[in-house]
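*Asks:* Now for the letters of each chain:
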Amino acid sequence: EAGVVQSPRYKIIEKKQPVAFWCNPISGHNTLYWYRQNLGQGPELLIRYENEEAVDDSQLPKDRFSAERLKGVDSTLKIQPAELGDSAVYLCASSAPRGARYEQYFGPGTRLTVT
Amino acid sequence: GQQVMQIPQYQHVQEGEDFTTYCNSSTTLSNIQWYKQRPGGHPVFLIQLVKSGEVKKQKRLTFQFGEAKKNSSLHITATQTTDVGTYFCAGTQGGSEKLVFGKGTKLTVNP
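Just so you know, the protein sequences line up as chains A and B, in that order. Our numbering numbers the first residue of the first sequence as 1 and each following residue consecutively. Our numbering numbers the first residue of the second sequence as 1 and each following residue consecutively.
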């Protein structure tokens, strides 16, 4: 069974530039999560999807961050414009069935460096 | 908001020594999950505890959930170099579906 796929694995951009991350969850997993992990910290939830619906985006900085999950499968997380403080690892995870009471499978993450 | 505290932040042991990490919440947790993240890797699910006072074992790893469901621990017996990594606890509160992670305990093992 293929795991959660993320791309790119690494991204270096200058501040004020836009950036996008892509995630393909495990087949059949309806719940998809985007987390941000700063160095030395645990993952922090940005947004959670149930199928194509964003059911928890309270931690998403909506002035610069956006996300979508068209057709309830793949998802894209975008930052525009990026700031120095956005440097972190962006993790995508998926789980089935719905809800946070089941194990989450994490992708390898995208390490973003903003200069 | 909900917070999950983990101690210690770092732990260095000699191979063969035991290791324990503790997780505490100020509020009652509905469940608690433990994840392991190897250096340069991503979090990998280890186990979930749901019941008050629950104890689960996986080979040399023992997981406990407190009676009040506000704390949990992970104990590794006779550590090996393959145990190296950061161990995170994560919990949900009440009816929330949001999993809140602790900051993790980074374990290093000296061979």
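In short, the hints are calculated from the structure, not lab data. Glycine residues also receive a C-beta, built at the ideal position from the N, C-alpha and C atoms. Check before you lean on any hint, since a few could be wrong.
Said to hold, decoys possible - Calculated from the model, a selection of chain B residues having no Cβ within reach of chain A, i.e. all distances over 12 Å:
#: 1; residue: Q9
#: 2; residue: D18
#: 3; residue: S26
#: 4; residue: H42
#: 5; residue: V44
#: 6; residue: E54
#: 7; residue: V55
#: 8; residue: R60
#: 9; residue: A68
#: 10; residue: T86
#: 11; residue: E97
#: 12; residue: G102
Stated by the list, open to error - Okay, the calculated beta carbon distance ranges per label pair:
#: 13; chain 1: B; residue 1: V50; chain 2: A; residue 2: S58; range: 21 to 31 Å
#: 14; chain 1: A; residue 1: T115; chain 2: B; residue 2: K56; range: 40 to 50 Å
#: 15; chain 1: B; residue 1: G40; chain 2: A; residue 2: K78; range: 24 to 34 Å
#: 16; chain 1: B; residue 1: G94; chain 2: A; residue 2: A54; range: 16 to 26 Å
#: 17; chain 1: A; residue 1: N51; chain 2: B; residue 2: G41; range: 25 to 35 Å
#: 18; chain 1: A; residue 1: S58; chain 2: B; residue 2: V44; range: 33 to 43 Å
#: 19; chain 1: B; residue 1: G94; chain 2: A; residue 2: P61; range: 19 to 29 Å
*Asks:* Now tell me, hint by hint, if it's right for this structure.
*Replies:* Hints and how they fare:
no.: 1; hint: Q9; verdict: violated (8 Å)
no.: 2; hint: D18; verdict: holds (23 Å)
no.: 3; hint: S26; verdict: holds (17 Å)
no.: 4; hint: H42; verdict: violated (4 Å)
no.: 5; hint: V44; verdict: violated (7 Å)
no.: 6; hint: E54; verdict: holds (14 Å)
no.: 7; hint: V55; verdict: holds (19 Å)
no.: 8; hint: R60; verdict: holds (20 Å)
no.: 9; hint: A68; verdict: holds (19 Å)
no.: 10; hint: T86; verdict: violated (9 Å)
no.: 11; hint: E97; verdict: violated (4 Å)
no.: 12; hint: G102; verdict: violated (6 Å)
no.: 13; hint: B/V50 with A/S58: 21 to 31 Å; verdict: holds (25 Å)
no.: 14; hint: A/T115 with B/K56: 40 to 50 Å; verdict: holds (45 Å)
no.: 15; hint: B/G40 with A/K78: 24 to 34 Å; verdict: holds (25 Å)
no.: 16; hint: B/G94 with A/A54: 16 to 26 Å; verdict: holds (21 Å)
no.: 17; hint: A/N51 with B/G41: 25 to 35 Å; verdict: holds (28 Å)
no.: 18; hint: A/S58 with B/V44: 33 to 43 Å; verdict: violated (26 Å)
no.: 19; hint: B/G94 with A/P61: 19 to 29 Å; verdict: holds (25 Å)
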